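**Student:** Listed in order, the protein sequences are those of chains A and B.
Number 371 in this note's numbering belongs to position 371 of the first sequence; there are no gaps in the numbering.
Number 1210 in this note's numbering belongs to position 210 of the second sequence; there are no gaps in the numbering.
These are computed hints drawn from the structure, not numbers from a lab.
All of these numbers come straight from a predicted model, not from anything done at the bench.
All residues carry an ideal CB built from backbone N, CA and C; glycine is no exception.
Keep in mind that the hints are not guaranteed to be accurate.
[Stated by the list, open to error] Listed next, the in silico BS3-like pairs over lysine-lysine satisfying Cα-Cα at most 25 angstroms (straight line): (1) K137(A) - K1573(B); (2) K573(A) - K1152(B); (3) K396(A) - K339(A); (4) K1125(B) - K152(A); (5) K573(A) - K1262(B); (6) K255(A) - K1152(B); (7) K152(A) - K1502(B); (8) K1255(B) - K152(A); (9) K255(A) - K152(A); (10) K152(A) - K1573(B); (11) K1152(B) - K262(A); (12) K1302(B) - K1285(B); (13) K1573(B) - K502(A).
[Said to hold, decoys possible] Over 12 angstroms on every C-beta distance to chain A, these chain B residues come out as not near it, computed from the model: (14) K1017; (15) P1172; (16) G1263; (17) K1373; (18) Y1441; (19) K1502.
2 protein chains.
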Amino acid sequence: MLRTHTCGQLRIADVRKKVSLCGWVQRSRDFGGMTFMDLRDRYGITQLVFNMETNAVLCQQARELGREFVIKANGEVSERSNKNPKLPTGDIEIIVESFEILNQSKLPPFTIEDNTDGGEELRMKYRYLDLRRNPVKLNMELRHRMAFEIRKYLDEQSFIEIETPVLIKSTPEGARDYVVPSRVNPGEFYALPQSPQTFKQLLMVAGFDRYFQIVKCFRDEDLRADRQPEFTQIDCEMSFVSQEDIFYTFEGLVKHLFNAVKGINIDNFPRMTYADAIKHYGSDKPDIRFGMTFIELTEIVKGKEFKIFDDAELVVGINATGCADYTRKQIDELTEFVKKPQIGAGGLIYLRYAADGSLKSSVDKFYNPDELKKWVETFKAQPGDLMLIMAGPAAKTRKALNELRLEMGSRLGLRNPDTYKPLWVYDFPLLEWDEETQRYYAMHHPFTSPRPEDVPLLQTNPGEVCANAYDMVINGVEVGGGSIRIHNRDMQFEMLRVLGFKDEEALSQFGFLMNAFEYGAPPHGGIAFGFDRLCSLFGGTESIRDFIAFPKNNSARDVMIDSPSAISEEQLKELGICLIGTDRNKI
Amino acid sequence: MLRTHTCGQLRIADVRKKVSLCGWVQRSRDFGGMTFMDLRDRYGITQLVFNMETNAVLCQQARELGREFVIKANGEVSERSNKNPKLPTGDIEIIVESFEILNQSKLPPFTIEDNTDGGEELRMKYRYLDLRRNPVKLNMELRHRMAFEIRKYLDEQSFIEIETPVLIKSTPEGARDYVVPSRVNPGEFYALPQSPQTFKQLLMVAGFDRYFQIVKCFRDEDLRADRQPEFTQIDCEMSFVSQEDIFYTFEGLVKHLFNAVKGINIDNFPRMTYADAIKHYGSDKPDIRFGMTFIELTEIVKGKEFKIFDDAELVVGINATGCADYTRKQIDELTEFVKKPQIGAGGLIYLRYAADGSLKSSVDKFYNPDELKKWVETFKAQPGDLMLIMAGPAAKTRKALNELRLEMGSRLGLRNPDTYKPLWVYDFPLLEWDEETQRYYAMHHPFTSPRPEDVPLLQTNPGEVCANAYDMVINGVEVGGGSIRIHNRDMQFEMLRVLGFKDEEALSQFGFLMNAFEYGAPPHGGIAFGFDRLCSLFGGTESIRDFIAFPKNNSARDVMIDSPSAISEEQLKELGICLIGTDRNKI
């Protein structure tokens, strides 16, 4: 090794040792006869000292080192007179006796500091410099630690990690596939997996009753802010289990992770049906760090000639504890918030229950104080509370009120990123109706089983069928989802028919799976976690990009290596493909 | 859980427990009033017993269960009168009280036994059944255990696992890339990585001084028997290290693996230069489980009018200890072996040193006994030995003699698959001259550094330059290879020029890396292991396919899912590509 120690290692006990350190020049300060230099590596920062009086030549050379130069410094560990309690190495410094420049550095395009002056685009272009910054480095270390602890827990639970192929087959269901032209089989393509779903089911058929994999998946979607074309999944499957067993096993995983990685004990793992989540939170991923659950008023507000309520399918509100002193301006802000196009509500009704017990609402001319008292009782509000009410079509209104609830939670400081409240949401609908294409889509995926008691409904009223499907939600974020799968060929066929597959399509796309079901497929189910998102949740931020070493931008482009890029005519020809509009000139 | 125990779990201490087991019907035997059934799961086999006298209905139902049916059986653990010492569960059996068919099975297309009657093609098509067979299952478990222990060791050594992107950029150097058309950036393509080489180097620039990743890589090659289009690499890189540090660290990894996974202690890790390996073994991956090293005779055999030796650049042989009693027929077989087209030698000369001290050779008419005595001395042969000698152009002759040496090693039982002899081969040439394209290619890859003392030769005699490159070889198999890298922009540029890159090509392909070298790139080096191959070596077989859950065949096809396959016109259109020869009709 070029070094004897890292820059995070030396302590007071090491004083008088001769050491060699390697690292990057973080900054240097000249004080008359002395030069102090912070040398940085992955493990920390150590102060180097050069003395003009004892070694002027060396000190002069040191003063010529620029930021981010890589050096090897040799010297003696010495106790600092001016200790820095913020640094683990802050008790010591190195009196440098000689050094060597291992590599020079141009001036970096942004500062390598916790709070950098570099913008997103610049940081992505020079990601190798961005990764030197402490917050980004810590994210990568967190990710490594999490992956390691996940594997440790699952290994202890007899899961085995099996790699499934990356070059698979394109299927029309789900998101768009990335495809890979085959040179050896001209005119044919592989697809990159959106998930190893069918392969993990085949592994269950193969008898590996506890499988997992931390695995890259791919989706060619139009990217939203928080999506990446390639992302990482913790993919798990078990045989001979009920939903209860899955809950137990993966609560265990998440508890282990919080404990091992963050020192947090999660003792409570509540469960909520999809129907309850929608009814009480307006969302299938409720943030239960705070209450403020939905209170329905539909029954008690009708018939008072307030047209908005009279016409509404649903009148529903939340009670913001202690917010009765909100000003007119604050309430107007909330009204503007819910009227934003992304939320799209028509407006917001309020009922203020002042500390003195008086009531004031925006609909006083339709409802008398006795009637408003009834609202207060329904909300179980206390003096000092502010009730916020919305009305309209049920689904849309709940969705909008969910946004308002989250906004109020944030305003009231009820969404502390260091508090973690996980829960299971279960009993999801099996199917979603799509107005545009006039067909049902699988809400989870086509391999999810219906609840046994709902099977007859598949023929008569598919939209009402509940699935053996569940999501794990933490702090309003869906971190994982799964289901008990279909393991019967006939049921799988029926499911594909409900989804509009012609029999021959079903066979050509999923024949291999349905054939496998004929050879002793065990009952099985599983779950997949979004690993990037789980890391960002543990890291306390929302952006998954900060937890990916080399992410792509919103145009699915890697600006650092400048990819995607054109390939040669020769490559295209070998692959038997051409770019649309160019073939004509070539034949 | 549907079960209380697995089929590998119950012991004599569990007698009288009420249990439920789930598994597959392996086989059943009817003995008059009794039916004995082997129930199999991933963990083992447990014997179920049905008794016609005590429960005729149940026993009759059990007799109707076919092979590979999945059942849940409930009953009581009982001591076996006829114990089976070969099974861990062989002391007990289950007196079944009830059972449930969880799924039926058609008759499998081949037997689910250690030695199956299924051929390769059939087993691949029904891979989910093949994976039920014990030897294949054990391979998957071995692979899991190895990956886990690799991560454990490297984590303890402060390595962090960082995921690098799968959608990267196509580069012309090396093997053919698999490419992925970009829908969002029409006419442009991603490439799948042949290795994360440049990314791991960027991670070193980023300051992560110990990186690893167990990662899928991709090569669009014409497949040989033992190649897969997608394969898994243990990819590692370190900063501030010399070759010595890499050797030490990864000897440690391999020692840990042998110890943790196979209980074998490796105490010796010899090193050999490339030049010595070629001179003494005729191969850069010598199998050192046995000696029989090359002895050169060129100097002492010339000038005796034996034209083959007189014309030969090299005369070289091996001494096969104790083989003097080989018959004429056996020697003829060896001669035929070396004359096979894959080996291509002209012939084989032998010198037999009989137990009685007499000498007999195939060239007795050119060499008198005194001259042959000299050969014997050079070989350090003993009475009873057989010397096998080849002559011709140096490189070709060494290559052929290497094959003969390995063949003799196998014939003499010197290549025990349970004996493991690793070594490092180092000081590889930097470049290889290719006659066909009349240019140099990088022997390892273009990022490998030349030995500092050889740098001046780059201009004058590039073929003579030695690289800081090394391979780890175990039992004649190259399991890993790496190098100390170039970390200087100018040197990287020069290297690419030597490889025939025009400056603008070098910049457009590798500009991001060379730019990164300008911002404080530390000295660094690394290694990559072929994980599939390492697994097969640990598993004691040669075929990597047996250690991949879902391998592709020699046409890069997955016969189980039938991939690659055609994709829809709509998909092609969205991607902006067409199949050659079809575009004309579409515009």
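**Student:** Each of the hints needs a verdict: does it hold here or not?
**Tutor:** Evaluation of the provided hints:
1. Annotation: proposed proximity of K137(A) to K1573(B) is violated, straight-line Cα distance about 41 angstroms (limit 25 angstroms).
2. Pair hint K573(A) plus K1152(B) does not hold up; C-alpha atoms about 45 angstroms apart against a cutoff of 25 angstroms.
3. Only pairs whose Cα atoms come within 25 angstroms are accepted, and K396(A) paired with K339(A) is accepted, the gap being roughly 12 angstroms.
4. Distance check on the hinted pair: K1125(B) and K152(A) sit about 33 angstroms apart at the alpha-carbon level, beyond 25 angstroms; violated.
5. Distance check on the hinted pair: K573(A) and K1262(B) sit about 48 angstroms apart at the alpha-carbon level, beyond 25 angstroms; violated.
6. For the proposed pair K255(A) and K1152(B), the alpha carbon gap of about 21 angstroms is at most 25 angstroms, so the pair holds.
7. Only pairs whose Cα atoms come within 25 angstroms are accepted, and K152(A) paired with K1502(B) is rejected, the gap being roughly 49 angstroms.
8. Proposed proximity of K1255(B) and K152(A) is supported: the alpha carbons are some 21 angstroms apart, at most 25 angstroms.
9. At most 25 angstroms may separate the alpha-carbon atoms for a hinted pair to count; K255(A) and K152(A) meet this at roughly 13 angstroms.
10. Restraint check: the Cα-Cα separation between K152(A) and K1573(B) comes to about 45 angstroms, which exceeds 25 angstroms; the hinted pair is violated.
11. Taking the CA atoms of K1152(B) and K262(A), the gap is near 20 angstroms; set against the 25 angstroms cutoff, the hint holds.
12. With a C-alpha separation of about 30 angstroms, the suggested pairing of K1302(B) with K1285(B) is violated against the 25 angstroms cut-off.
13. For the proposed pair K1573(B) and K502(A), the alpha carbon gap of about 23 angstroms is at most 25 angstroms, so the pair holds.
14. Distance check for K1017(B) against chain A: the nearest CB is about 18 angstroms away, which clears 12 angstroms, and the non-interface claim stands.
15. Its beta-carbon lying about 7 angstroms from the closest one in chain A, P1172(B) breaks the requirement of being farther than 12 angstroms from that chain.
16. The non-interface label for G1263(B) is consistent with chain A: the shortest C-beta to C-beta separation is roughly 19 angstroms, beyond 12 angstroms.
17. Remark: the non-interface label on K1373(B) is consistent with the geometry, its nearest Cβ contact in chain A lying 53 angstroms away (cut-off 12 angstroms).
18. Non-interface status of Y1441(B) relative to chain A is upheld: no Cβ of that chain comes within 12 angstroms, the nearest being about 18 angstroms off.
19. With a least beta-carbon separation of about 14 angstroms from chain A, K1502(B) lies farther than 12 angstroms from that chain, consistent with its non-interface assignment.
Of the numbered hints listed earlier, those contradicted by the structure are 1, 2, 4, 5, 7, 10, 12, 15.
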